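Colleague: Relying on the hints, combine the two individually framed chains into one complex.
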Amino acid sequence: MSGNDVHVEFAGVSKSYDGRTLVVRDLDLSVRTGEFVTLLGPSGSGKTTILMMLAGFQTPTGGEIRIGGRPIQNLPPRKRGIGMVFQNYALFPHMSVGANLAFPLEVRGMAAEERQARVGRALALVRLEELSDRRPGQLSGGQQQRVAIARALVFEPELVLMDEPLGALDRSLREEMQYEIRRIHRSLGVTIVYVTHDQQEAMVMSDRIAVLRDGVVEQIAPPEGLYEEPERAFVASFIGENNRLHGRVAGMVDRDVCEVETGGEMVRALKVAPCEVGDHVTLSIRPERVEINPEPGRYRNELRAEVEDLTFLGDHLRVRLAACAREDFIVKIPNVLGHGGLLEGDAVRIGWTASDCRALNHEGGDE
Amino acid sequence: MAGNPARRARLRALALVAPLLIFVGVTFVAPLATMLMRSVHDPVVADALPETLALLEGWDGDGLPAEAVYETAARELERSNEERTIGQVAGRVNRVQGGLRSVFTSTARELRDARLDTGAAQDTWRGTMTAIDSAWADPAPWHALRTAGERFTSRHYLNAVDMERLPDGAIGRQPEERRIYLRLFGRTMLVSGAITVLCLLLGYPIAHLIARAPPGRADLLLVLVLVPFWTSLLVRTTSWIVLLQTQGVINDVLVAIGLVGDDGRLAMVYNMTGTLIAMTHVLLPFMVLPLYSVMRGIPPQYMSAAASLGATPLQAFLRVYLPQSLPGVGAGALLVFILSIGFYITPALVGGSDGQLISNMIAYHMQTSLNWGLAGALGGILLVGVLVLYMVYDRLVGVERMGLS
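First to last, the protein sequences are chains G and U.
With the first sequence counted from 1, adding 28 to any position gets you my numbering.
With the second sequence counted from 1, adding 68 to any position gets you my numbering.
In isolation and in its complexed conformation, chain U is listed as follows (with noise of 0.2 Å):
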């Protein structure tokens, strides 16, 4: 009975965070599982043509498979018309290889008729198929069809890096005008990056300025620092757009004031400069709070016994100032660039077509091409990709310096 009370409270401690628990799981953590499953997991064609598949298995992958393959699959792409999946079916051995989509979908629309009509010279059902499409005759729909029909794949993660599956099963890149994604990535590192560095250099002398701030004046300081932070981000993002634009105010501006001709405005927004600017707008509030916080934890008598010391104020920011300042520095920067590599508003509105970065093409894949396996995939190599630089942090630096709370 002694136990009775402390398990009690256990109990009532879980029941209380309980709600919290559930909610974390069914917004992040079962979406994000879905998610990465999809990316390696695909049963819609296995479960279309469980047996066909299953024949497939014994195919040396050379010359055509046998006429009982051709068989099993013109029935199973039958049954699939009939339960109205074959559109699913078609369009994932089309990822495999582009131009199947038609092969499939019509074939399994036409053998019906084909083979109630009777009167067909073809008595094989790969004369059958051959007749519908004359792709049948060749191997590539059959090595297409075994590919997407695996339940577990790699082809997505193969496809986000643009490698693919080579007939021969080996591992190869992606032909040269399908290379798309991991220029994509590279493009998305190096505008974090460029983001980070922008909102440090920004953020560090406003960060030292309210941290140094008499109590009062730091508070204002600090309220100007947070509310673009409260207002939407959409907003913000559109305010930048009627300031960036060719016709915005900006550049009205600079005409007026004869530093660009009125045909010379400058193109800032819809391109890559656009992203840069909005999004160092919109992300330096995290980089201004964790430095901010640091900051003030620096006493100012530090500077003073600097000085007494002999140092010059440069000597004593570079010795003294900025080795205590770093943990913010880091906590900021990782923050910001965690952000920017998984930005998809601001570079969607103001990006235009060269300043799209990774999470435009996730969300294209999610919303346009309805590939979510490859949404996954690429969504998968992002997650990654920030823990491994939250590890990265933590080892050089120490999560638990960061500052933020």
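One chain only, chain G, in its complex shape (with noise of 0.2 Å):
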């Protein structure tokens, strides 16, 4: 990627509401041209907070904003060209959804055809062409939704950004107007910041992920990177479901893996965080990753267990086991396998490979 595409930066910002505490801290990130890049945290991660100095409601504390390698602190948000989709779509009530696409146009003072044409096409990309007249209140959330998206866009800007856009949304709705964002933004190519505290949504749209975490990026990656090869405990924990085991490192096998003894059990795993011997660790096995009852010898990885627990949840079953000193080692089995006649009590088997058992920055306080 050559500098040229970064579209927008932010270096070194900081962000304090009260002066003493920092809602971000020292925020080094930059998003490529036509990227779609999701803001991912818990609430108060300071993840709203990013995108509006970014809109320009809110102003940094330290740092520089750029969009197109230009500051941008010193301009007020009407003058940032920057589409914006809100939290509870802020469609206005008193007009149409003609008129409401019409108004960015009309402040821009463009003819009334060319605002005819381009309400039309934002309309049409949305699918709600013959919605037109109607208020926003005689529509149904999904279609108050796409409007407030079609507002966002009709002015043709280069930089969307959507702030928790589809929470009022129930689930089926939401998932269908994920994947007609992500259509969206393949189609237009415009550059979408997108902010979220629902994991799925964000693995569902984004070219890449920032998970927040008090104010600060734990990690920025690809969905797959993140779910795949977290590389901070509360990542893992954050996307997708995960078994974390508290141990302590008892001796390297190589430069990558490591031994960790956790409730009395010896296990291999990937070193991610740097660590040596004695160092607390938190390790992080995906739930899909452990096979009940391997063959022998399989993994270098096999303990006892004993299940304390089945539900079948359609396409997994999901067992609950006692193991490592914990009762709430979860595995999932996909469903084409069958379960082996599993009972509840069982005495069974379970191992991994050392890869997929990452040892991470220790977390502790949240056991």
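Calculated directly from the structure, the hints in this document are not laboratory data.
From a predicted model like this one, the values you see are computed outputs, not experimental measurements.
Certain hints may be false.
[To be verified] If you want the ones that stay clear, here's a sample from chain G, every Cβ over 10 Å from chain U, calculated: (1) Gly84; (2) Thr89; (3) Asn102; (4) Met112; (5) Glu141; (6) Arg179; (7) Glu192; (8) His213; (9) Met231; (10) Asp235; (11) Asp242; (12) Val244; (13) Met280; (14) Val305.
[Stated by the list, open to error] Facing chain U, a subset of chain G residues (Cβ under 8 Å, in silico): (15) Pro105; (16) Ile110; (17) Ala118; (18) His122; (19) Gly126; (20) Phe131; (21) Val135; (22) Phe183; (23) Arg283; (24) Tyr327; (25) Arg328; (26) Phe340.
All residues carry an ideal CB built from backbone N, CA and C; glycine is no exception.
Modeller: This is the structure:
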């Protein structure tokens, strides 16, 4: 990627509302032109503040934000040319859908004919051509959402920000809209910065996801990267389900693999965080990477466990085991295999490869 | 039996609201109905001289009535004098045509003596009455009596709009010097309109400030708006006198800083200026509260959205904020306007002679001239005006959007 491709750049940006606590800490983040980047994090992680600083509704306490290489701190929101989709749509209730879409064009002094053509195109993009004369209050939540997206796009901004736009929709509609937004992004090639606390939403749409906690980016990577190769325990737990085992490094096997003692068992794990013998680490193992009763000798990590609880969930069977001195070790067995007649109380063996077990920085306190 | 519990619940509900219903009936509906009734119904004269009025039915209005009419009138006037109703009768006739009060009272008083005075030359009742007061030789008192004797009458309403029924029965305008009510209605509307505009100009920014302030500060500001609201109206109005009078605080300050000379002190009270200033102050909370209530319901996100879409702050205000605050503007303006056109105490205290409004005239007719029929008619016109305004508002904005709840 050459430097020209960077569309949005945060350089050492901090934000504090009260002058003491930092909501955003020393943020460095680049978004490439045409990229879909999601800021993912729990509430209070600073993701919305970052978006609001980019949109111009909040001023950074320190650092610089650049769009296309130009610092924008001193530009008011209306001059930034950024399309924005708000959490509750913020459609003007006293205007028809068509008037809502025409609004950004009117304030730019566009001629009526051109305006109509653009409004028509934007409505076609979100497939709502026939609802132009309705008031927002007469539309369903999903339709309002589409109108809000159309309004953010109608003046053809190069950068569009979305602040938890699907939060108010029910589950099935939310999924539908995720694919819809992805389709629009791909067909227009605009840069989108998207804020959500829903990891699945982030996975569906994003080119890259920045996982935030307490105002700091924990990791920024494509969805696969975050899931398969989390670098920090928080990321591992926030993206997808995982088993977290706390332990202490007992020895080094080679440059990449270490041996960790956890709950009285020795486990081989991939060394992700730099660690020395004696350090506390958190092991992260995805539930679907654990095999129950594997062929003997197949895995170096093979432990005894007891089935505590079975839950049938359609596409997979969820098995809760007592293992490594814990009673919440989860294993998912895909429904293609059947579950080998497991019963509660069965004693089983479980195994996994060292590369599927990642030794991460120790996360204390959230046991 | 199945319907019984529901029926009992209904009865209990009715019993609970009954005190309120009775209260409203006694203190609101009944007085209102009585006053409106009085404006069209006046039985005093008709009850005092029923036979005379019946005979006058047959009078063609040209020339003098027949002797029989004079005879009956004399009898009934005498009886009215004995029953001490003649004062009210004379007063009502006098309102129809000035100068007739003493004609009726003195005639009624002296008839008895005149009749006993058998030595008198007059052998007709017409002669007797004309001897007491020469006005009886003219048809005018009879016309006035016939008009005043109508049980149901439109003359109060005609009077209230500066009209009268001419002797030939047609409706025409009052003589120039008696036309006062239409001008007063006009002035009341004008002043109320001006007060409404002033309240809106002053109240809109305040309401917006309160609606956008963080909760703690909003409460404080709201209290500041409400404190005057909780203070006695009389205290607030008289405070304005202290501030505005010629030797008052404001004039003293203006003189002290040399803006006006000591002999050029401004007359800001006991005139229209005083009425405008004091009433705007008194009615301001009625503008601020509905505005605030509507504005609080407008999410600040709309303004952010407008800005992100490229609108300047002015465009965002005019196109997005103002239209959404209109129900509050309508409710506040309607409230202030309706309260202004019926306002009494403040103009009475600080209005002087040219700051008086229609309600002061109604009070005058209630308390001083005792012409309750006219007071009722003026009030009735005011009431209809308010109802029309309300309906116009309902048609334009919709009362349910007032945001008063």
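Colleague: What hints, given by number in increasing order, does this structure fail?
Modeller: Numbers 1, 4, 6, 19, 23, 24, 25, 26 - these are the hints that the structure violates, sorted from lowest upward.
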